[in-house]
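A.B. asks: Residue-level listing of the chains:
Number of protein chains: 2
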Amino acid sequence: MSDSETSDASTTSELRGFEDALPIALLRARETVMARFRPMLAANGVTEQQWRVLRAIEENQNVDATKLSEWCCLLMPSLSRILRSMENDGLITRERAASDARRQTVELTPTGQALFEKIAPQSEVIYTEIEQALDKGRVSRMVGELQTMISLLK
Amino acid sequence: MSDSETSDASTTSELRGFEDALPIALLRARETVMARFRPMLAANGVTEQQWRVLRAIEENQNVDATKLSEWCCLLMPSLSRILRSMENDGLITRERAASDARRQTVELTPTGQALFEKIAPQSEVIYTEIEQALDKGRVSRMVGELQTMISLLK
DNA sequence: TATTGTTATACTCTATAACTATA
DNA sequence: TATAGTTATAGAGTATAACAATA
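Protein chains in written order, with this note's numbering: chain A, 108 to 261; chain B, 108 to 261.
Everything labelled a hint here was simulated from the structure, so no lab data went into it. Check before you lean on any hint, since a few could be wrong.
The list cannot tell twin chains apart, which means a pair is met if one copy fits it or any two copies do.
Once the Cα atoms are required to be at most 30 Å apart in a straight line, the calculated DSS-like pairs of lysine-lysine come out as [unchecked claim]:
#1 174 x 225
#2 243 x 261
#3 261 x 225
#4 243 x 225
#5 174 x 261
Using the sequences and the accompanying hints, generate a full structural model.
C.D. replies: Okay, structure coming up:
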């Protein structure tokens, strides 16, 4: 974080210093990676957040909203709106859990499943391109390191 | 990405599969890290984005808007609004560049500099806590890996 | 003609609080 | 009393396009 180089921004083409901060590096890395996915998601009419939700439900039918919100990094009010709009679009159905009537369980409709199956292979193509550009080992090491970091900070 | 385990979410506590995807890992890592900074930033009345801009200007007086937008990962319209609001708050001044009258150069006012100097040490404290929790070497290796990743994908 | 930056617009997410209903 | 989820609201960012000024 500390950087004892002389500061003369007007003659250099790059910014310095906080450049090496972890939050910035994480942000830029995510932006760089997502730049590869966004056009495809937009072409399929879903936002990043909706795709996270769709994916999470597809892998975990009958998941409840609280778990979804944690996994998708969405606050409950945001998730609530997304679920409502997905329900209006006929992508999901919601039911009260038998064991606890406060809980809502969510599952994909055939339409929702079809949308997932339309997008998933396109996503896979892009992911594979990224693994080729970065080297597959680097990607999985990075994911492992990130997960370690997350668990140490929680 | 493919996961042949049986799927029975109602009896497991964790979601699986896409969990190991790089974009999710980056998002969650960033959220986990930023969770440590957000209360401090909010207490100082600035958003994450405003703090990125403030920091970038502080280190690079007379930077222009295009460079700021790249560095801060903000689209020009978002940056434009942020700069206008910072100007209204007396934090920055904007001038036309002598060499190219289309370009705007931005610099901090004494008020803006004072705000930076109020927040920066609080940010440093948190950053140091994170380095202690994660191990300093892991943090700098991670930043290096992220920067490598960014340059390979650009 | 292309570039820098602003503005307009519509949509979405963030963040907090108040609320309902269940437990 | 606490928890799950919805709704309201204010603020802010995203994304695209249209625009003015300048190169």
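A.B. asks: Decide, hint by hint, whether the structure agrees.
C.D. replies: Hint check:
Taking CA atoms no more than 30 Å apart as the test, residue 174 paired with residue 225 passes inside one copy only; the shortest distance there is 25 Å, against 38 Å between copies. For the identical chains of this complex, residue 243 and residue 261 are neighbours both inside a copy (27 Å) and across copies (17 Å), given an alpha-carbon limit of 30 Å. When the C-alpha separation of residue 261 and residue 225 is checked against a cutoff of 30 Å, the pair qualifies only between copies, where the shortest distance is 27 Å, while the shortest distance within a copy is 35 Å. Within a single copy, residue 243 and residue 225 get their C-alpha atoms as close as 25 Å, which meets the 30 Å cut-off; across copies the closest is 43 Å, which misses it.
Taking the shortest alpha-carbon separations for residue 174 and residue 261, only the intra-copy value of 16 Å comes in at or below 30 Å, while the best inter-copy value is 34 Å.
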